[in-house]
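With the hints as constraints, model all of the structure from the sequences given.
Chains as they are written, first to last, in the numbering used here: chain Z, 1 to 347; chain H, 1 to 347; chain B, 1 to 321; chain C, 1 to 321.
No wet-lab data here; the hints were simulated from the structure. Careful: at least some of the hints might be erroneous.
[Claimed, not checked] Sample of chain H residues lacking proximity to chain C, with all beta carbon distances greater than 10 Å (derived):
1) ALA19
2) GLU46
3) LYS110
4) LYS182
5) LYS196
6) GLU221
7) ALA252
8) GLU314
9) ILE323
10) LEU326
[Unchecked claim] Coverage of chain H stretches by chain C, computed from C-beta distances (three or more under 8 Å per stretch; other residues unrestricted):
11) 54–62
12) 90–99
13) 138–146
14) 255–267
Since we're looking at a predicted model, the values are computed, not measured. Cβ atoms here follow ideal geometry from the backbone N, Cα and C, with glycine treated the same way.
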Amino acid sequence: MRELTYCEAINEAIDQEMARDESIIIFGIGVPDHKKIFGSTVNLLEKYGPSRCFDTPLAEEAMTGFALGAALQGLKPIHVHIRVDFLLLAMNQLVNMISSYNYTTGSHFKTPILIRAIIGRGWGQGSQHSKSLHSYFAHIPGLKVILPTTASDAKGMITSAIRDDSPVVCLEHRWLYWATDKVLEETYETPIGIAKVLREGSDITIVGTSWMNIEALRAAEILFKHRGVKAEVIDVRSLYPLDADSIARSVAKTGFCIIADNDWTSYGAGGEIAALTYEKCFDSLKKPIRRVGFAHAPCPTVRCLENEFYPNAETIIRECESILDLEPISLSDELFYSHERRFKGPF
Amino acid sequence: MRELTYCEAINEAIDQEMARDESIIIFGIGVPDHKKIFGSTVNLLEKYGPSRCFDTPLAEEAMTGFALGAALQGLKPIHVHIRVDFLLLAMNQLVNMISSYNYTTGSHFKTPILIRAIIGRGWGQGSQHSKSLHSYFAHIPGLKVILPTTASDAKGMITSAIRDDSPVVCLEHRWLYWATDKVLEETYETPIGIAKVLREGSDITIVGTSWMNIEALRAAEILFKHRGVKAEVIDVRSLYPLDADSIARSVAKTGFCIIADNDWTSYGAGGEIAALTYEKCFDSLKKPIRRVGFAHAPCPTVRCLENEFYPNAETIIRECESILDLEPISLSDELFYSHERRFKGPF
Amino acid sequence: MSMANTVGVELYQRLYLARKCEDTIIKLYPEDEMRSPMHMSYGQESIPAGVCQALKSEDPIYTTYRSHAAYLAKTMECRKFFAELYGKTTGTARGKSGSMHLALPTKGHYGATAIVASNLPLAVGTAYAIKYRKQPLVACAFFGDGAMDEGSFWESINIAALQQVPVMFICEDNGYAVHTSKHARQGFKDVMSILKGFEIDVYQLDNDDPLRIYQIASEASLKCRKTFRPAFLKISCYRYLEHVGINQDFGENYRDKSKFDDWQSRDSVAIQRERILEDGLSVKEVESLERKIEVEIEEAVAAAKEAPEPSNNELLKGVLT
Amino acid sequence: MSMANTVGVELYQRLYLARKCEDTIIKLYPEDEMRSPMHMSYGQESIPAGVCQALKSEDPIYTTYRSHAAYLAKTMECRKFFAELYGKTTGTARGKSGSMHLALPTKGHYGATAIVASNLPLAVGTAYAIKYRKQPLVACAFFGDGAMDEGSFWESINIAALQQVPVMFICEDNGYAVHTSKHARQGFKDVMSILKGFEIDVYQLDNDDPLRIYQIASEASLKCRKTFRPAFLKISCYRYLEHVGINQDFGENYRDKSKFDDWQSRDSVAIQRERILEDGLSVKEVESLERKIEVEIEEAVAAAKEAPEPSNNELLKGVLT
Ligand SMILES: Cc1ncc(C[n+]2csc(CCOP(=O)(O)OP(=O)(O)O)c2C)c(N)n1
Ligand SMILES: Cc1ncc(C[n+]2csc(CCOP(=O)(O)OP(=O)(O)O)c2C)c(N)n1
Ligand SMILES: [Mg+2]
Ligand SMILES: [Mg+2]
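This is how it looks when you write it as structure tokens:
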């Protein structure tokens, strides 16, 4: 099977859907320009023309309401934000309007809206270009929230999201854009709401969101190499609906759990996942769950502080060691991912 | 000691602080009009004049940035929102700007901003006038978040918040406005970040936020009367900083815990409190923590569905019975709070 | 009846339906069975009546929480309306919307919104879809003068003007946002001179004569359908009652009762009644169509009171589409 | 030197400092030690230079992520500047701000912001405080043409106009938001005709002659201080380099190289150099003040490279005030 990058997979999903369904439109600041949202919107303007693929004024709030209004008249809008931070300008439309519009007006409508936003770590981007915010979206009844990690999931889940009659927020980590994976050529749906075991194991469960799955996989590799520890890595993939059962099944087996969330820990998604997992695995958990996430600070810009701010495979390894009472592995010979040393897949 | 309502206590705190410190200004839509934000801003215009107490255009985003700009020039702004839902229009200023402004620009400034927002249940208000959103604010490094429940806390915590050099979001439940409590006449600070035991008990811990404390107290009363169960009710009062230790101390004693949060449960503040409590009380918890909160739906308007949507003392009682393996109490003779049957205190 | 005559009569029917429905609300509200905050249209009926008279039934409209007159004028039905106010399964949203989120898409009513200025961008998006799908429609957003304070208002005007889509913005300018006069909120003297700078057509009317409103809206919608150039109508009006609730509030000093007297002396419902009488309808004919509306309302209220409340499992239905 | 002369020279110093600092960034960026996204002011220096020349040092300004020229023109210092770009403890924010959040309140620089249009309301709030505290200051917000798309822009203008506070809005109109021309974003032909409708004074300049900018900003700030009436300045300019980064990007076809050639032929730094020579400074004098600035920059860079990085415990410092 061919390999595609995550970015190519996103583009292919959108392209195939737009070819299939004329009611799909895609827009956002920079969507049709030559940079093409890091490449994820290439060819769309060329193939589908400016009435289906267009740029917008800088007006996040109104363009989000625009998406809702277009959906109510039968279109399927895809609204793209090159950074999720800009969605903070559109929270009113997203939370007060889109999430509940159909419910409060009597379920006469469909609201097939896909909001794509890029998250994560750039390169000294600082506090206004580095948020994740997935817990914000997941908290609101009426919204679905997905965070695909692999290219094949990106294609399948975005296809599902476009076809979904509910609004879906899709968060795409910038550092995943280069990651490759085997991706089917034909169109397919990956159901939203099912977690995925990225690596099987029996000793400890690491639950990851988005980029943190990559760090978790690297941690699992090193843990196995040095200590023979078999970590199971589970990608939640979708925060709402959340597949808490799959996580619980794993934790029931391993007895230990680390949640590695690509966000601030405090009042983040990890709290929900932890609470549900404790509930479902009350008797099988041998130690308290550990949560790994961003430091409780705005994201600073200088590299040395950025490295302190972001957790990585090492952070996860140290938590595993601590929870499993292992001697610390010497990591000086191990390589970790960085902006310069990218994860490129394949999975 | 005199009794004041919650509303009067808020007003007194602000009034005394404004008398003391000329750099305090208060503004917001309707702040100086004759309704006076449900009475909480009475006399301020009259005493301090229109340059310190003023109405604003409907422009939540810009007026929030305005507050930051005024703070950077030495004022201490209090910005009032008659419903927290309107703050969704100001999330960019709050999250991208206010929370991190001082940190990212090098800690040269102070940002003593108080944002007051009223939450909660009106009377058939529906989905756009009934949110809580405290988990949103608590998630962001740089913001403090308080939810006073009693009138004496309202006065003391708002006084502390006004004097605090960090931005503070204060959420005031509409149904608490009539509740009375003994309140000191002189000015005083109630430290932010310390939970408060509202009722002592040894059998089960009920952790409440805002209005849910009132429901918890009523539940505790009934549980004791019918089953002799001694429930300890802990008011978190402040979500950030969170006094997880006090909660843990109680749970270590009782072995059982219910978290009653005035919000949607899923990805809400209860998840964080639960996760921390599990961590700290891993060995003493005898059963999984139960979380009580809003149903996972937008808030409907008709009373019968509203009653389904909101948890109350009965919900808490049923959870307690279930967790403690008690026979269900017949509640047909018990009275519960409603819009018509208000809780009026005293505490 | 002549064409002009038909229009006049229909206009009056819309006005009378709205006025009488609200009279009924005022009468029955104290029973405490309609448990929904009511932002009354009372006194402002002629804007939605005149505009909806100019629209086709399928033209989508978006309104605010001050929803009654626009709902009634657009749909010309009041059974689902009262059922919703009573929170019954036969209501527009089976009790989930109350007064503030009324909608009836089959009649082109796409919903009411309680966050000020939040419906303007929806109308723009709908207009985009209309143009894209080559439908012969125009989308319409009703909002108060308060909406002009919000950034979303300006973003929406700009986007509509940029895209040249068939949308009509209808500003119901009653001069107040809750109790705050526009002079305490607006950093300009004349918004029309500002709006003229956008690539839209602007229309203004300083009274609320329903026929004039109908005429302006007809002209505007005709042009808007044809050219896709957005239209902006600012029409003055006066709210007779308090911001929310069924009472007058002239004791509160934030506005002058004399202004009310002035507006009431040229009450639009009364004016339109006069006009159709002048147009040749007999008093009997007018009374008969009034009676018909009153009967409809009585029946709607009776049916609403009888209808079942939603069952508890309705709560979680429709959260996802 | 005459007064006019002093102004001309100072103006040139601001321009030259900005230009040379960015030349230095261009030279050293490939070393990969300044790890911060750079939105270069290159070509647009004259707006901040001219405006800051007209301001007092204590007048608070707010800028965007395209921060360099405004920072340098306002503070006339580059040691903390380079230290921040290098992420060192001696920087304006000890490595926490990078290029996009520069601030130096002691010189009236209140911060740069990376969310478009988010700094306008801050300037209005600061102006309110200035008026309230009876300070002889004027607050100033710099922003691009892209900011005019945002609702926050209009809310801010309206609030400032309503409150009549001493604020100056400076629009650096380079015609593009990233790669999107204003014609693809604006639903109007002439924003000035729109803005005139607000209770503010508007000024426009269709070139970026630094002296003209200084003159306009002087007039505007004088009036603004005296009357509290807000001022809006829209000044045309041209970004020489790509939106972010140190390279040109004329190969990308979203803008015409000929326009660049045109602007560069009347480059504001060069023009101002000519002007002070005409004003009577000798080539030697000019070169000597240029050399002085170059040395400052060299020393600043050397010092920045030498300075220590923040220690890890810096991360959690200052999260709460
Ligand atoms: C964004 C927002 N801010 C504040 C409110 C509170 N509020 C409800 S109605 C209203 C006044 C709106 O005035 P206007 O738009 O003129 O409409 P009118 O009530 O006069 O018909 C306000 C401020 C709100 N609903 N939404
Ligand atoms: C609210 C917001 N939306 C989108 C962006 C992404 N973005 C960064 S700079 C920019 C263009 C801004 O253009 P302009 O205001 O004209 O400033 P210029 O870069 O031309 O100086 C955009 C869209 C942002 N930073 N903030
Ligand atoms: Mg009004
Ligand atoms: Mg620009």
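We went through each hint and held it up to the structure:
1. Distance check for ALA19 (chain H) against chain C: the nearest CB is about 17 Å away, which clears 10 Å, and the non-interface claim stands.
2. For GLU46 (chain H), the shortest C-beta to C-beta distance to chain C comes to about 18 Å, beyond the 10 Å cut-off, and the non-interface label holds.
3. With a closest Cβ-Cβ approach of about 5 Å to chain C, LYS110 (chain H) is found to fall inside the 10 Å limit, against its non-interface label.
4. Every Cβ of chain C is farther than 10 Å from the Cβ of LYS182 (chain H); the closest lies at roughly 31 Å, confirming the non-interface assignment.
5. Interface exclusion of LYS196 (chain H) from chain C stands, the closest Cβ pair being 21 Å apart, more than 10 Å.
6. At the 10 Å boundary, the C-beta of GLU221 (chain H) stays outside the reach of chain C, the nearest C-beta of that chain being 38 Å off.
7. Once the 10 Å rule is applied to beta carbons, ALA252 (chain H) is consistent with being away from chain C; the minimum gap is 28 Å.
8. GLU314 (chain H), annotated as away from the interface, keeps every beta carbon of chain C farther than 10 Å; the closest lies near 39 Å.
9. Every CB of chain C is more than 10 Å from the CB of ILE323 (chain H) (nearest about 36 Å), matching its label as outside the interface.
10. Even its closest Cβ contact with chain C, about 43 Å, leaves LEU326 (chain H) beyond 10 Å, as expected for a residue assigned away from the interface.
11. Counting residues of the stretch 54–62 of chain H whose C-beta sits closer than 8 Å to any C-beta of chain C gives 5, which meets the bar of three, so the coverage hint holds.
12. Check result for the stretch 90–99 of chain H against chain C: holds, 4 residues qualifying (beta carbon to beta carbon below 8 Å, three or more required).
13. Evaluation of the coverage hint for the stretch 138–146 of chain H: fulfilled, as 3 residues show C-beta separations to chain C shorter than 8 Å, against a requirement of three.
14. Given a C-beta distance limit of less than 8 Å, the hint that chain C covers the stretch 255–267 of chain H is violated, as 0 residues qualify and 3 are needed.
Of the hints listed earlier, those the structure fails to meet are numbers 3 and 14, in rising order.
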